[in-house]
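Student: Chains A and B, in that order, are what the protein sequence lines are. If you're matching positions, the first sequence starts at 1 in our numbering and goes up one per residue. If you're matching positions, the second sequence starts at 1 in our numbering and goes up one per residue.
Don't read these hints as lab results, they were simulated from the structure. Remember, predicted model here, so these are calculated numbers, not experimental data. Hints may be right or wrong, so weigh each one.
Below, in silico cross-link-like pairs of lysine-lysine (DSSO-like), each with a Cα-Cα straight-line distance of 30 Å or less [to be verified]:
no.: 1; chain 1: B; residue 1: K390; chain 2: A; residue 2: K57
no.: 2; chain 1: B; residue 1: K476; chain 2: A; residue 2: K2
no.: 3; chain 1: B; residue 1: K252; chain 2: A; residue 2: K57
no.: 4; chain 1: A; residue 1: K57; chain 2: B; residue 2: K378
no.: 5; chain 1: B; residue 1: K252; chain 2: B; residue 2: K390
no.: 6; chain 1: B; residue 1: K88; chain 2: A; residue 2: K63
no.: 7; chain 1: B; residue 1: K269; chain 2: A; residue 2: K2
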Amino acid sequence: MKLTVEQVGHLAELARLELGEEELNTMTGQFASILEYVDRIQQVDTAGVEPFTMPAKDEGWRKDEAYVCDDAARDIILSNFPSRAGDLLAAPGVFQTPKK
Amino acid sequence: MQPLNELTITDARMLLDRGEISSRELTQACLDQIQGLNGALNAYVGVYADDALKAADRFDIRRSDLRPLGSLDGIPVGIKDNMMLQGKPCTAGSRILEKHVASYDATAVRKLLEGGAVILGRTNMDEFAMGSSTEHSAYGPTKHPRDPERVPGGSSGGSAVAVAANMSLGAYGSDTGGSIRQPAALCGTVGLKPTYGRVSRSGLMAMASSLDQIGPFAKNVLDAATLFSAVQGQDSMDQTTADEPAFVPEWKKDLNGLRVGVPRAMWEKGGIEKRVLEQCENAIQKMREAGAEVRDIELPYADEGLAVYYVLMPCEVSANLARFDGMRYGLRKEALPLFETYVRSRAQGFGAEAKRRILLGTFALSSGYIDAYYVQAKKVQTLIRRAYQKAFDEVDVIATPTAPNTAFKLGEKLNDPLGMYLEDVFTVSVNVAGLPALSMPCQTDGGMPVGFQLIGKWFDEAGLLSAAHVLEQRLK
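The shape of chain A in the complex, shown without the other chains (with noise of 0.2 Å):
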């Protein structure tokens, strides 16, 4: 399997990425030869075989609930935001465009 620089810059982009031109090229470059390594696994027979996953446990046990966090923890959760309007955590808006 191999990948054009296009269908890595997609990926890129999907992954929310920004990748220089340079840098695409390396990636790409460097697929080709990682995925020809992996694509050995295409040669197992695995029919009738099951995906493996991880027995669950039964339930689970940790119930979803309310935690409160004490002051020391509640301020370094604050002072870990990129950007803060007082105590709240600012973000730019969804729909927010440059200005032109």
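Guided by the hints, dock chain B onto chain A, whose structure is given.
Tutor: Relative to chain A, chain B alone:
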């Protein structure tokens, strides 16, 4: 007496409990070593001298009141930079988390703190644990303690060097495809990847959640058992932790009755350094001399294991790293429209290896390819687990080299991702199968360390460590 930072945990425990040394002296000796060597080796990316000395003093008071907390009480250790310690930075070796401070303790870290362990600092790692050389850290590479022009292995290279260079008595790392065992091998320490489900990953920054496991680096097998014991156990915060009887060491004096399987085809596949093979062959001979019954075994899909890993792991990486979008924490490069904020934050925050794996995973999960890659890899994973199950009907442990080579030069594999991935050829299938495995130094010729890997049955860390302990005595 030898310098205190060179003590094993077992010896330090004895001296601490007798009151012959204090935890402050022991901790200070490690801090002095860090002060002296870290500039050259870059094993630690954060050192908590004041906190460590305070924790040591608390132990010394407990001891004088005859109230020690457990086997690691007063013992200085390092933790990998992807294990959260509340109030301290935790970056997973990534630029995207450069300013990130842990808001809670990882379960493993909490257990260490509750047991009185002295946390010296956080150790360097490949970004989000992706790499086999610790060169993919945003905070500079870690250097091999015996030759600073060589790599220490990775991704937990900082923890391996911290122990190998006596900058701590023990350390913790995480192992997704060999990230504990391979650096342990290259640096000449013992490294244990426990069975999947033994140690809670709550508060460990996720790389590939179905494969990640926390484990110790130690100067010897006894210490590895002590470090592992301290963090094991079920945790309601990590549903994958298993409801199994706890690990309790069972040390045996010899290997009588132990069946050791040697997957010859893997040993003879080529690409393995001659000296690595010779030294590992010698270790096998020592096991025989100690009473083990060594037999060649077939282990099908050994070659496919690495390919399966390099499909499943990137898929999980692409999902796990999707959370780094510049919104609630981590680097944000704001631009409009919102899409631009996402792509720029991630482009500037992630390094090349992280991007490569995110893209690989995105590809293997994308419509039209998911069946051929992700689903097929999960099916081959079933076959790999069955192959191990069958092998363990006949043998008790399986032996291989840990890595195909000894420590390589910095930069040697940096532009050859596939070459770097092949470093993991002996270690990854263990994660794919969820088994416990250990790497221990086996070189007897005084050269660069060679790692010998022993793979145990699911949840049989006791048998695995006991076998390793006997071999360790024989290799002295």
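Student: Indicate, hint by hint, whether the structure satisfies it.
Tutor: Checked hints:
With a CA separation close to 25 Å, the supplied pair K390(B) and K57(A) stays within the 30 Å bound. Taken as a hint, the K476(B) and K2(A) pair is broken in the structure, with Cα atoms around 50 Å apart against an allowance of 30 Å. Distance check on the hinted pair: K252(B) and K57(A) sit about 34 Å apart at the alpha-carbon level, beyond 30 Å; violated. In summary, the hint linking K57(A) to K378(B) is supported, as the alpha carbons are separated by about 20 Å, within the 30 Å threshold.
For the proposed pair K252(B) and K390(B), the alpha carbon gap of about 25 Å is at most 30 Å, so the pair holds. For the hint linking K88(B) to K63(A), the alpha-carbon distance of about 29 Å falls within 30 Å, and the restraint holds. Between K269(B) and K2(A), the direct Cα distance comes to roughly 26 Å. Compliance with the 30 Å bound is thereby established for this hinted pair.
Checked against the numbered hints listed earlier, the structure breaks hints 2 and 3; every other hint is satisfied.
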